[in-house]
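Protein chains in written order, with the working numbering: chain A, 9 to 358; chain B, 9 to 358; chain C, 9 to 358; chain D, 9 to 358.
Since the hints were derived computationally from the structure, they do not count as laboratory data.
There may be inaccurate statements among the hints.
Pairs involving identical chains hold if they fit within one copy or between any two copies, as the list cannot separate such chains.
Result set (DSBU-like, lysine-lysine): computed pairs, CA atoms no more than 30 Å apart in a straight line [unchecked claim]: (1) K150 to K326; (2) K177 to K64; (3) K148 to K35; (4) K68 to K177.
These figures come from a predicted structure and were not determined experimentally.
Protein chains: 4
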Amino acid sequence: MTNITNEKKVYNFKDDYSEGAHERILKALIDTNFEQQNGYGNDEYSEKAKQLLKNKMNNKELDIHFLSGGTQTNLIAISSMLRSYESVIALETGHISVHETGAIEATGHKVNTVKSSDGKITVDLIKSVLDLHIDEHMVKPKMVFISNSTEIGTIYKKKELEKISNFCKNNNLYLYLDGARLGAGLCSEESDLTLEEISNLVDVFYIGGTKNGALLGEALVIINSELKKDFRYYLKQRGALLAKGRIIGIQFLELFKDELYFELATHANLMAKKLSVEIKKLGYKFLSESTTNQIFPIFSNKVIEKIGDKYGFHIWEKIDNNSSTIRLVTSWATKEEMVDKFISDLSKIS
Amino acid sequence: MTNITNEKKVYNFKDDYSEGAHERILKALIDTNFEQQNGYGNDEYSEKAKQLLKNKMNNKELDIHFLSGGTQTNLIAISSMLRSYESVIALETGHISVHETGAIEATGHKVNTVKSSDGKITVDLIKSVLDLHIDEHMVKPKMVFISNSTEIGTIYKKKELEKISNFCKNNNLYLYLDGARLGAGLCSEESDLTLEEISNLVDVFYIGGTKNGALLGEALVIINSELKKDFRYYLKQRGALLAKGRIIGIQFLELFKDELYFELATHANLMAKKLSVEIKKLGYKFLSESTTNQIFPIFSNKVIEKIGDKYGFHIWEKIDNNSSTIRLVTSWATKEEMVDKFISDLSKIS
Amino acid sequence: MTNITNEKKVYNFKDDYSEGAHERILKALIDTNFEQQNGYGNDEYSEKAKQLLKNKMNNKELDIHFLSGGTQTNLIAISSMLRSYESVIALETGHISVHETGAIEATGHKVNTVKSSDGKITVDLIKSVLDLHIDEHMVKPKMVFISNSTEIGTIYKKKELEKISNFCKNNNLYLYLDGARLGAGLCSEESDLTLEEISNLVDVFYIGGTKNGALLGEALVIINSELKKDFRYYLKQRGALLAKGRIIGIQFLELFKDELYFELATHANLMAKKLSVEIKKLGYKFLSESTTNQIFPIFSNKVIEKIGDKYGFHIWEKIDNNSSTIRLVTSWATKEEMVDKFISDLSKIS
Amino acid sequence: MTNITNEKKVYNFKDDYSEGAHERILKALIDTNFEQQNGYGNDEYSEKAKQLLKNKMNNKELDIHFLSGGTQTNLIAISSMLRSYESVIALETGHISVHETGAIEATGHKVNTVKSSDGKITVDLIKSVLDLHIDEHMVKPKMVFISNSTEIGTIYKKKELEKISNFCKNNNLYLYLDGARLGAGLCSEESDLTLEEISNLVDVFYIGGTKNGALLGEALVIINSELKKDFRYYLKQRGALLAKGRIIGIQFLELFKDELYFELATHANLMAKKLSVEIKKLGYKFLSESTTNQIFPIFSNKVIEKIGDKYGFHIWEKIDNNSSTIRLVTSWATKEEMVDKFISDLSKIS
């Protein structure tokens, strides 16, 4: 992934964290600013946000913790749930496999990787790892890591997730879902899953805030009661208990007290869809069938160079000597006029 | 340390992170909110804040990184600088010794603890550890950890810090300074140290933002060039690279673009001094001679109970069956009228 | 501990691993040498040795594993039994506290140290640690580490061990006994404990072979069934599964098929007692009341220098400018004539 | 790999550690048994063995350490040489990739795996990993792990090793060679490498004793002086310093004081060649072109079942529903008559 953005671009479609926070979130921080609250996440706002999320998922037994970012959440959650010789199965494109600087391995655990073209793991892929690991000379796979939406913009359908979930239950594997872009995933027009359904199918997952309108913050949801014990010790030990933990609680409260979280994700998806539809019309192909806020058109090097003069994005991977896939990302903050402008500029180049 | 705070209290002197952020900091976040910036701390604001801090310390060769909290900063910095068999020497009262859930040990390193009554380490204490560790059957002490202001409110004078610094240099030890409350330390009326002088005497230190007016954020300053290499890899691997890293850069820029950082700390210290002077007048003794924003008066159990009905604070440690030390903490947000009220209420009890 | 031994000494009382193995052990290795056996401890001899030990302890449910040395055994056993934020309580003189190069911390766990003058932990000492560790900002003590015989030659009486055992059970703490010198401990004339009784009072312990006549090898005995699961994975992952695991099984079979293990320890203790009685007669005091194979007389520097010309030993600790405690260690291989000669030489010096 | 051995077999070709030690080694242990020697590898025999090996490699600057087994050696050496975010590149068939229970990951490091059909890594494979890892969001590859002989019996030729060595030097990568079966590798009739040449081409490697006639023991050779510092601390911390370290020193002294080490490996290779030649004559194919003591014929399930009634071996991998590759291993202890018998029995089945 090569970053070809610079400050002179007209506009960035590089990622979904280029701006600050949605203005309602900033307002909520200001409104509560001078109240004295307990530290380390024991404040009233964090408590209210947790209650709200539990209600949304119809499950009072959930444990919810607020953390500051995705890698931190993945590494703490995964390491807390595995014994030292247990491993986690993930796709090669899974965020923990390559893009977290060995954060999982740094906690002592192997990531067993498997390959897929659509960003989604399957029961067969999981089985292929189990079949290889049979005794104490090898690690013992104990967890399956998936992302929704996936790292290449695709989503799991309910049936797909149910199959994986059942297989995991039957094979004594934990199922962990990375929801850095869960908003985009759930608000995809192809999605037939709800937040509550996800909470019924996985053991642990997180609801990403950073990439959907918050300044920072992810909400880790622990469903499996085996995994709840003493979790705050892990948070503190890994440096994840913010003294002013309230600042994440306040944000999640704002995002979920009405439909803001989903509205922001829906906007991002719509902007991506517009881009996608129009790029297709211009005759371009795509790496994956994304229905979320990340799309992966394949452009010739010349097109990439020209459109890259005005817009920021990442080159995702080389297709051949003449062309590459680029990644265009939209967000809650993407302006429709800039989407239109991109399409217009692209059509002139093509 | 027992927390006897609850929400019905009139006012909390529990800690310096009960409120949000100084209003100038919130304003700065709002003003920059819709600008598109690079992620992961590669934004213009973080860059400007780093330049500003380097200028303040007259040293263009410094490496500066923004992290989200003190324990995170300590564990990443310390573990990145030690080989697996090397240890860090700290006081029993040092924050890493007891109050970080074994975060340093969780990265694989022993903390060698020594005792002191005033919260400050000395060359003799350091030597006592070196004398005990002589071969490969024991860890090899390689770093000295100090805090300024200390965990019990005291500060290092320039001469004291110079002695420790010289000893460390001569004995091949790194000197690390935890500056969670560096503002309070430097703004103590007893302090004869500047930010620049500190940067000349230690190998690494951090400038605490969370406890001095920021929503979150600490600025780690690496002076010793041996310790700079690839530091961002450590940040990413431990989950400390915030996607919207700008939010810490913006805050430090605001705190240091004029004297705000020092003004906030000075206010906190003044409020603590007022408390301290008046409590002394009422005949109470103190655990330590604090000249910063944490003071440790010794009260009888009855006084603690009565004043505890109205004010939040921590019981620091039991003195005997009849009395304990409590910790009162002031901050940039402490209202003078509440200090006056506390004194008035205490004088009625006494 | 300073080593003042060199090769020109007449004789070493430095430790109990200066020689190879008891000749019956060598013979057993030779007798079985050309048989083909399964690797990694799955051989018939290891299996027989385990059965034998289970019978000796009247408990068929024990899990027994053979490891190559004490530090390896301690670090694997302790780390396998603790979650990452859990700590182990040990005396400052405990082997894991100082003399294993931070091996426990290297697996991520804090050692909470307490002080005692006789090498033995007490319920009050354990309680003092528990009282200090009350929430998620601190580690959670979960295990108590003791040694028998202790690092300064003393032993636990049955009543003492029962008290500690009960306290641990009632406080949800695992009790781990380091038996590097368990033979000497059990064969002390003051001991009222048997191997079986120890197995009923602790959760895990090991029976030391290296220091009692084997070439190498310790037998880890897991009593608490919570701690048994998948233990061979830990062994393999830490590099402790010897390909020719048979060589430890064969040795333990030989040591325990009759009373050899206890005979060797008894000889060592007798030699130490003889040294001790005679040294006392010469008017010297001792650091501890050892009844096992390590004794700690206090000599003037002059005596240490002169006797050090002929005999090897370690200087344990400085008492004052004029005198130090030395450690004299006997073993299964100690020759009585050399004990006599040491006494004779000492009496001429005194 | 499925183990189909049991005790009723006529003979095992399962591995090269089914027997004890060569009789000269046992004799050496007996001859030196009652001498008093320093502990922890500071004995005269270990010292002499190190000198001898240095002489054999014509390099007095080498650091040599004796460890008890291959996984232990790999995990200590590799983890001591990498910073926490650095990774090691290995083949999928590399021993550290799958067959050490995540031992490398347990020390915090990622293993980047690549694929090859002949068990040998190439510059192109190494480059493919480097090309993917470009910034601090990914690990930084810093070491290349190879084995000689390889896990499937093949060997590196001098030119191949030189190419890899040069590439590593030019790209700031350490080259580590796992020599668990180095004897077999060097004594292969195809090999054009010497021990000295290997020491000139890699940064670190080990000479395997366990699989070539010793009871236990590997000699780690550190050539790159950057990697030598304080190595004994790592050994102690990971539980690898044997109290009676002499027992490995004595064995390596015996193996290398004349040509014993190479004679034993040559015998093993000859026995494998005989098997291999005769099996080929019977019309069977092989998984790899092994010239060392592990061969991998492909048999039908029926043949495997029948020959498996009499001989022990591992099924290496399934080829299709009707056939699999098995692994036959010979050693210093393999009896030629049993090789002949195996061939004779196989020819009757075929």
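Quick rundown of the hints versus the structure:
{"no.": "1", "hint": "K150 to K326", "verdict": "between (34 Å within a copy, 25 Å between copies)"}
{"no.": "2", "hint": "K177 to K64", "verdict": "within (24 Å within a copy, 41 Å between copies)"}
{"no.": "3", "hint": "K148 to K35", "verdict": "neither (48 Å within a copy, 39 Å between copies)"}
{"no.": "4", "hint": "K68 to K177", "verdict": "within (22 Å within a copy, 33 Å between copies)"}
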